[in-house]
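Let the sequences and hints guide you as you build the complete structure.
Protein chains in written order, with the numbering used here: chain S, 1 to 248; chain C, 1 to 248.
These are calculated hints, taken from the structure and not from any lab test. Computed from a predicted model, the values in this text were never measured in an experiment. Among the clues, some could well be false.
It does not matter which identical chain is used: a pair holds within one copy or between any two.
Unchecked claim - In silico DSSO-like links for lysine-lysine, alpha-carbon gap of 30 Å or less:
id	residue 1	residue 2
1	K15	K142
2	K15	K203
3	K203	K244
4	K203	K240
5	K192	K15
6	K61	K203
7	K244	K15
8	K61	K142
9	K192	K203
10	K244	K61
11	K240	K192
Protein chains: 2
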Amino acid sequence: MAGGGGGGGGGEELKLLGHWGSGFALRVRLALYLKGVHYSYVEEDLRNKSDLLLRCNPVHKSVPVLIHNGRPICESQIILQYIDETPFFSGSGSTCTLLPADPHERAVARFWAAYVDNEIGAPWDKAFRAGTEEERAEWMGKVAAAVPSLERGLSECTDGGRNGCFFGGAGGVGYVDVVLGGVAPYVHAMEKVSGLRLFDGEKTPLLAAWLERFGELEVARAVLPDVDRVVGYVRMIHAKNTAKAAAE
Amino acid sequence: MAGGGGGGGGGEELKLLGHWGSGFALRVRLALYLKGVHYSYVEEDLRNKSDLLLRCNPVHKSVPVLIHNGRPICESQIILQYIDETPFFSGSGSTCTLLPADPHERAVARFWAAYVDNEIGAPWDKAFRAGTEEERAEWMGKVAAAVPSLERGLSECTDGGRNGCFFGGAGGVGYVDVVLGGVAPYVHAMEKVSGLRLFDGEKTPLLAAWLERFGELEVARAVLPDVDRVVGYVRMIHAKNTAKAAAE
Numbered sequence: 001m002a003g004g005g006g007g008g009g010g011g012e013e014l015k016l017l018g019h020w021g022s023g024f025a026l027r028v029r030l031a032l033y034l035k036g037v038h039y040s041y042v043e044e045d046l047r048n049k050s051d052l053l054l055r056c057n058p059v060h061k062s063v064p065v066l067i068h069n070g071r072p073i074c075e076s077q078i079i080l081q082y083i084d085e086t087p088f089f090s091g092s093g094s095t096c097t098l099l100p101a102d103p104h105e106r107a108v109a110r111f112w113a114a115y116v117d118n119e120i121g122a123p124w125d126k127a128f129r130a131g132t133e134e135e136r137a138e139w140m141g142k143v144a145a146a147v148p149s150l151e152r153g154l155s156e157c158t159d160g161g162r163n164g165c166f167f168g169g170a171g172g173v174g175y176v177d178v179v180l181g182g183v184a185p186y187v188h189a190m191e192k193v194s195g196l197r198l199f200d201g202e203k204t205p206l207l208a209a210w211l212e213r214f215g216e217l218e219v220a221r222a223v224l225p226d227v228d229r230v231v232g233y234v235r236m237i238h239a240k241n242t243a244k245a246a247a248e
Numbered sequence: 001m002a003g004g005g006g007g008g009g010g011g012e013e014l015k016l017l018g019h020w021g022s023g024f025a026l027r028v029r030l031a032l033y034l035k036g037v038h039y040s041y042v043e044e045d046l047r048n049k050s051d052l053l054l055r056c057n058p059v060h061k062s063v064p065v066l067i068h069n070g071r072p073i074c075e076s077q078i079i080l081q082y083i084d085e086t087p088f089f090s091g092s093g094s095t096c097t098l099l100p101a102d103p104h105e106r107a108v109a110r111f112w113a114a115y116v117d118n119e120i121g122a123p124w125d126k127a128f129r130a131g132t133e134e135e136r137a138e139w140m141g142k143v144a145a146a147v148p149s150l151e152r153g154l155s156e157c158t159d160g161g162r163n164g165c166f167f168g169g170a171g172g173v174g175y176v177d178v179v180l181g182g183v184a185p186y187v188h189a190m191e192k193v194s195g196l197r198l199f200d201g202e203k204t205p206l207l208a209a210w211l212e213r214f215g216e217l218e219v220a221r222a223v224l225p226d227v228d229r230v231v232g233y234v235r236m237i238h239a240k241n242t243a244k245a246a247a248e
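Here you go:
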């Protein structure tokens, strides 16, 4: 299966091991689309992982893994930075850079990207794995509690919304947008699954606008899965973990 | 208090908010020493944090924070990359770079540095905060279980020890070494506190050699605290958290 739009170099071998529902893998697909490079995509069965995945990521055994000319790169944010730092990915006519050139702006972007992983993604993952509705609600409460700080971060990056609506500020979609972009379908899905509106127009207007505008981008429409499919996936995982906990 | 050895630029203002016992702050001090830049160091009282710290790191309220010409940078690994990417820090005659130039080697270094934080540092922090000896032992068991993979990582980076003894391989001390370097005093201290030899000469000979050789470096002798002081600190924290848990 071919990835993004544009160019890509001759003789380079690029393969992504992913899973359609993995927010981490979706980030990488967003970035590769923005860079306009072609790659082969391998959908992993996470209940029966391929030998290639286990060989390429023996430590975490998780997607995404990007394999560039036979050499694996693991961990989504590390892959994004690899894509941004390797000349091949800028050689296809794309002028998109994820991290800005200024070192302090790079640090700010890395800060908010780490925040998304540690304060939003980590408790969300615990909610995903929880065995009871109460436990899930408790972890999702932690996710919700972390959102207002992210709103302040977006406000800083966009000068209160005067400088565009993305974390990349005047530069448009950037590193943090791609990192958060993988989460976007789940933000929508949670509203349908449990009524939880994480990026609320009244409480966090900049993030609510971000969610809408990000979803309208060509890259998002091309890469991100349909929300209803995510809703079904979330319900299936919740049901499986509830049954598993009840049986223990 | 002045930091590292060499140069430093004129008219630049550089301040580090740290704590002598913070492995995260120690990383930054190791890096600044290696870069040979002067800076002013502010020791924070973590029970009574300064207004400057709270203003500079309102999200996490934690050390280290590097303040460069009035602009704060938070989170130790983000600070290390800022130091590595900002021309000022290489302008003092130091030829030390933390991350290698090759994008794939950079990805490998970032992978192992993240591994140190997530698989070693995170459970260690839980052990530190635990209220009972059993709970502490359980978390330290997770730390110990994560060490063999790190040994394999060091083996890859050094070609089984044929290419030096540091994660920086032929380049000598690099990014992962500095990240792990902040943990080194605690590896020694745990042996005295609880008899746990995390980097064992028989089970993980490369890490055991790393620990010894890293400790012999001028930068380690200049920056890292005395092990006995760390032992006292660890015992004090354990006693405080045990008493707190017993009172709850």
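Going through the hints against the structure:
1. Proximity of K15 and K142 under a CA criterion of 30 Å is satisfied in neither setting, with 35 Å inside one chain copy and 33 Å between copies.
2. Taking the shortest alpha-carbon separations for K15 and K203, neither the intra-copy value of 41 Å nor the inter-copy value of 36 Å comes in at or below 30 Å.
3. In this homomeric assembly, K203 and K244 never come within 30 Å of each other (Cα to Cα): the closest approach is 36 Å inside a single copy and 37 Å across copies.
4. Taking the shortest Cα distances, K203 and K240 never come within 30 Å of each other, neither inside one copy (33 Å) nor across copies (39 Å).
5. Proximity of K192 and K15 under a CA criterion of 30 Å is satisfied in neither setting, with 34 Å inside one chain copy and 48 Å between copies.
6. Taking identical chains as interchangeable, the C-alpha atoms of K61 and K203 lie at most 30 Å apart only when they sit on different chains, with a minimum of 23 Å there against 38 Å within one chain.
7. Within a single copy, K244 and K15 get their C-alpha atoms no closer than 34 Å, and across copies no closer than 52 Å, so neither meets the 30 Å cut-off.
8. Taking the shortest alpha-carbon separations for K61 and K142, both the intra-copy value of 27 Å and the inter-copy value of 18 Å come in at or below 30 Å.
9. Within a single copy, K192 and K203 get their C-alpha atoms as close as 19 Å, which meets the 30 Å cut-off; across copies the closest is 51 Å, which misses it.
10. For the homomeric pair K244 and K61, the shortest alpha-carbon distance inside one copy (22 Å) is at most 30 Å, but the shortest distance between copies (38 Å) is not.
11. Within a single copy, K240 and K192 get their C-alpha atoms as close as 19 Å, which meets the 30 Å cut-off; across copies the closest is 45 Å, which misses it.
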